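From first to last, the protein sequence lines stand for chains F and B. First residue of the first sequence? That's 68 in the working numbering, and the numbers climb one at a time after it. First residue of the second sequence? That's 68 in the working numbering, and the numbers climb one at a time after it.
Treat the hints loosely; a few may be bogus.
[To be verified] Pairwise CB distance ranges, derived in the manner of DEER restraints:
(1) 459/B <-> 462/F: 41 to 49 angstroms
(2) 200/F <-> 253/B: 36 to 44 angstroms
(3) 368/B <-> 486/F: 25 to 33 angstroms
(4) 451/B <-> 461/F: 54 to 62 angstroms
(5) 297/B <-> 489/F: 29 to 37 angstroms
(6) 116/F <-> 368/B: 52 to 60 angstroms
(7) 194/B <-> 172/F: 31 to 39 angstroms
If you are wondering where the hints come from, they were derived from the structure by calculation, not from laboratory data. If you're wondering where the values come from, they're calculated on a predicted model, not measured in any experiment. Heads up, the beta-carbon is just placed ideally off N, CA and C, and yes, glycines get one too.
One letter stands for each residue in the lines below.
Number of protein chains: 2
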Amino acid sequence: MTTHLNAWQAIADKLKGIEIITESNQIAKLSLDYYHFSPILYEQLKDKRADLVVRPSNEAEVIKIAQLCYCHQVPLTVRGAGTGNYGQCIPLEAGIILDTTKMNQIHWLKPGMAAVEPGVKMAAFDKQAREIGWELRIAPSTYRTATIGGFIGGGSVGMGSITYGQLKERGNLQRVRLVTMTETPEVIELSGDEVQQVIHGYGTTGIITQLEIPLAPAYPWAEMIVIFDQFMSAAKFGQALSDSDGIVKKLVSIHAAPIPSYFTALQNYLPSGKHCALLMISEYDLAAMKALIAEYQGEITYCKKAKEIAGTSLLEFAWNHTTLHARSVDPNLTYLQTFYFTLERVEQMYQYFGDEVVIHLEFLKAGGKAVPAGLQLVRYTTATRLNQIIDYHEANGAFIANPHVYTIEAGGNKTIDHQKVQFKHKIDPCGLLNPGKMSGFSKLNLRN
Amino acid sequence: MTTHLNAWQAIADKLKGIEIITESNQIAKLSLDYYHFSPILYEQLKDKRADLVVRPSNEAEVIKIAQLCYCHQVPLTVRGAGTGNYGQCIPLEAGIILDTTKMNQIHWLKPGMAAVEPGVKMAAFDKQAREIGWELRIAPSTYRTATIGGFIGGGSVGMGSITYGQLKERGNLQRVRLVTMTETPEVIELSGDEVQQVIHGYGTTGIITQLEIPLAPAYPWAEMIVIFDQFMSAAKFGQALSDSDGIVKKLVSIHAAPIPSYFTALQNYLPSGKHCALLMISEYDLAAMKALIAEYQGEITYCKKAKEIAGTSLLEFAWNHTTLHARSVDPNLTYLQTFYFTLERVEQMYQYFGDEVVIHLEFLKAGGKAVPAGLQLVRYTTATRLNQIIDYHEANGAFIANPHVYTIEAGGNKTIDHQKVQFKHKIDPCGLLNPGKMSGFSKLNLRN
Ligand SMILES: Cc1cc2nc3c(=O)[nH]c(=O)nc-3n(C[C@H](O)[C@H](O)[C@H](O)COP(=O)(O)OP(=O)(O)OC[C@H]3O[C@@H](n4cnc5c(N)ncnc54)[C@H](O)[C@@H]3O)c2cc1C
Ligand SMILES: Cc1cc2nc3c(=O)[nH]c(=O)nc-3n(C[C@H](O)[C@H](O)[C@H](O)COP(=O)(O)OP(=O)(O)OC[C@H]3O[C@@H](n4cnc5c(N)ncnc54)[C@H](O)[C@@H]3O)c2cc1C
Chain F
68 MTTHLNAWQA IADKLKGIEI ITESNQIAKL SLDYYHFSPI LYEQLKDKRA
118 DLVVRPSNEA EVIKIAQLCY CHQVPLTVRG AGTGNYGQCI PLEAGIILDT
168 TKMNQIHWLK PGMAAVEPGV KMAAFDKQAR EIGWELRIAP STYRTATIGG
218 FIGGGSVGMG SITYGQLKER GNLQRVRLVT MTETPEVIEL SGDEVQQVIH
268 GYGTTGIITQ LEIPLAPAYP WAEMIVIFDQ FMSAAKFGQA LSDSDGIVKK
318 LVSIHAAPIP SYFTALQNYL PSGKHCALLM ISEYDLAAMK ALIAEYQGEI
368 TYCKKAKEIA GTSLLEFAWN HTTLHARSVD PNLTYLQTFY FTLERVEQMY
418 QYFGDEVVIH LEFLKAGGKA VPAGLQLVRY TTATRLNQII DYHEANGAFI
468 ANPHVYTIEA GGNKTIDHQK VQFKHKIDPC GLLNPGKMSG FSKLNLRN
Chain B
68 MTTHLNAWQA IADKLKGIEI ITESNQIAKL SLDYYHFSPI LYEQLKDKRA
118 DLVVRPSNEA EVIKIAQLCY CHQVPLTVRG AGTGNYGQCI PLEAGIILDT
168 TKMNQIHWLK PGMAAVEPGV KMAAFDKQAR EIGWELRIAP STYRTATIGG
218 FIGGGSVGMG SITYGQLKER GNLQRVRLVT MTETPEVIEL SGDEVQQVIH
268 GYGTTGIITQ LEIPLAPAYP WAEMIVIFDQ FMSAAKFGQA LSDSDGIVKK
318 LVSIHAAPIP SYFTALQNYL PSGKHCALLM ISEYDLAAMK ALIAEYQGEI
368 TYCKKAKEIA GTSLLEFAWN HTTLHARSVD PNLTYLQTFY FTLERVEQMY
418 QYFGDEVVIH LEFLKAGGKA VPAGLQLVRY TTATRLNQII DYHEANGAFI
468 ANPHVYTIEA GGNKTIDHQK VQFKHKIDPC GLLNPGKMSG FSKLNLRN
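Isolated chain F, as found in the complex:
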């Protein structure tokens, strides 16, 4: 144990000039993320800890850290803001955490495009981008705290996805620069389809040091709450709005009762028993919105223009923030992530599960179509029951991206991405980057 400590001390010594954290409470904090949304991951990951946290300020320091990790064969796990939900940045095999939050420079910002360091926070970025009329295309509901690098490495969708689809759609990431975990770390750049190697890669395929991201025109986004008597009217309204090509939108989030009752701060606008839509719509299209809402017998209870929004954005009640609010009222609630593909399937699940699985839909574009994705809330009892619920969905044609597992493959992707695995063999032949997260990779494969 003492030797061990000494070894770490030796490593720390070699990193002189780079910020290092060794205090155990801090290390504990920086070793974990929002994995606790899942009672299953909670049990599996709660005791995982890094040995050391480093906070480089630039790419040169990253290279130095990578070299040292390779030399000592020490695992390295990159961390942005640590808001992931699947333990993406929890070090399974201890080692070093590389915290990117000091790498927060915007290199350049032009109409349509920007180059940033990975630790730039999304909301902070948007504030600057909006000054020239642009903003991020897609951002998660953790937008205020999450980093751009962390979103690319561990996220997938968010506000804006109703227009631009998932992060992994061609065009949504222009170029990345990364440092390899090799004997002599190299800096390489990926563009075109190659960028897919790092998207949702959980930091297993290189340490991103720069990103070139396409931007979206910044609209003044009005925020609206619309309530409905029937859940299926709300769901159909969500689909119709998402299919309305003449209405520019950023968020179409639909909640079955009793979910609205969990939104404590919004109770004035959410009469008990009603189902609701939380929306972000271009101010220029509000007249058209009113006609559409009337068609679906919705009632607007809240409508604020961009300039009138003072406090929290409705975004912070949507996407996985819904789960956050629900769990703060009832910690037995957890969630699933589902592609229903059709509203018929949504309705079937709504009827079938009753109170046990309460439906929360986010509409997004997938393959050119607007589809309802579920982040439905599940009243958790046992792991066995949770798996039964997943099985029932899949047996009935829905696709579940299981948020209760920590490998890339067991979650969204389901199958092993051989290109990513091959790429990792070049970038990280010894498997030191976030080990255990890419199940398709094994050091034995090196011999093939």
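Let chain F serve as the given structure and place chain B with the ligands on it in line with the hints.
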């Protein structure tokens, strides 16, 4: 005959101060449009003439003209630039042509929205709008000459429809102001869903004097020609690009050989026998484009950034400009307008008709999905054969918006729009506005 002339002289006298055209060659020119794309309409409409053309400068003059027409029970047909293809502004029952081209003021122009007079030319408008970073959402390939009022009254789709859908999509027209053809002409304003009453109304439901239109963010649009060995590769590429939510686009136009051979000015980029795609893509997404083109074995033969485009835009080879170029090489060619809905149906028609119907696709959004619309070129022989071709398409599940008929209903809409008819009864009870174009309306209905 003399009495007749005297009657017109009396009318002209009452319009003192308003520009009036009585010269017969000029009247002939201003009585016709691009109806001659259809050999059938050509025979039906070629002799139609107005008695008088008036060119008001403002709404007050329009009111004066309407009042006089009502008083004398004289038909009035509104005309913008007269580029319609179905004889939209050809006066079936003679009377007065109201030419809007002097009503060309932009009332205001703000980010996201503008208010214009109907005679504003689209390209001229865009030039000003781009100075503040915005542009028209949708515009036809006659963009350089056509008026905004004429597009609303007689057009339907164009560049931009791959993002914003058809003109009639909720949100694509914010508000209109119009003058009624009643004893005491009134000025009324329509907003929300009410604007549908004038969209593609052929000027039968009021004289538009002002339009409030939503704008689109102005991107620097790169223009590209991509060639393909196989037509179906080009078609599938068009669909894949249209479904790529991470690539911002304005034009996806696909042409089977020998159509590219009709584009005389583009021959350097169009090797004989190849099929081609004419594209307008955000410059920011060109890297992603290259990967997509490679996937479909396309070859880029032309790629110009916005600033490098000096001469004609590729737009002027797309939409119905394709037909224009084809007919200038071979005047026996005419065209159809088709919703194929699926690529399987495109392929079936491609195989079935061979040289007789050569496929030209324009992708656009309809109901939230990108669909291939056909403006296929037809080697014209007889009206009977043309109808057989139409019937075959419809029997096999395609929808044809017949461009060889001159009423609203026989063309795109197929069924009588009772709301439009009802609305017309209020706005134009005597049926003086462009009589004969709305077949659902008859003066007899007045008694119901
Ligand atoms: C309440 C709540 C709501 C959420 N809503 C959404 C949502 O709407 N959409 C969504 O997609 N996600 C959502 N998430 C998950 C998460 O917040 C986002 O994906 C967020 O963008 C992650 O950013 P981060 O900086 O916290 O990344 P982290 O959690 O720190 O890292 C995420 C992954 O990226 C890797 N990574 C980080 N930086 C780099 C780098 N420089 N190089 C290589 N790899 C790197 C890490 O190793 C890790 O595997 C939500 C989470 C919570 C708790
Ligand atoms: C080569 C070619 C290509 C074309 N490409 C396209 C295309 O891509 N997409 C498309 O949609 N169309 C296309 N068209 C048809 C036509 O050019 C467009 O629809 C154009 O926008 C019509 O505008 P205009 O000013 O010429 O209208 P006009 O032809 O003058 O008028 C069109 C109709 O609108 C009515 N109207 C005009 N002004 C008013 C008013 N103030 N109040 C009430 N009614 C009014 C007229 O009565 C008439 O019925 C094409 C035509 C040609 C010849």
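Pairwise beta carbon distance, residue 200/F to residue 253/B, judged against the given window 36 to 44 angstroms: Given range 36 to 44 angstroms: holds, Cβ gap about 40 angstroms.
Residue 368/B paired with residue 486/F, Cβ distance criterion 25 to 33 angstroms: 30 angstroms, holds
Hint check for residue 489/F and residue 297/B - Cβ pair distance inside 29 to 37 angstroms: 31 angstroms, holds
Residue 461/F and residue 451/B - C-beta distance against the hinted 54 to 62 angstroms: Because 55 angstroms falls inside the window, the suggested range holds.
31 to 39 angstroms as the expected CB spacing between residue 172/F and residue 194/B, which holds or is violated: 38 angstroms Cβ-Cβ, so the 31 to 39 angstroms window holds.
Residue 116/F paired with residue 368/B, Cβ distance criterion 52 to 60 angstroms: Holds, at about 58 angstroms.
Beta-carbon spacing of residue 459/B to residue 462/F - inside the hinted bounds 41 to 49 angstroms or not: 42 angstroms, holds
In summary, this structure violates none of the numbered hints.
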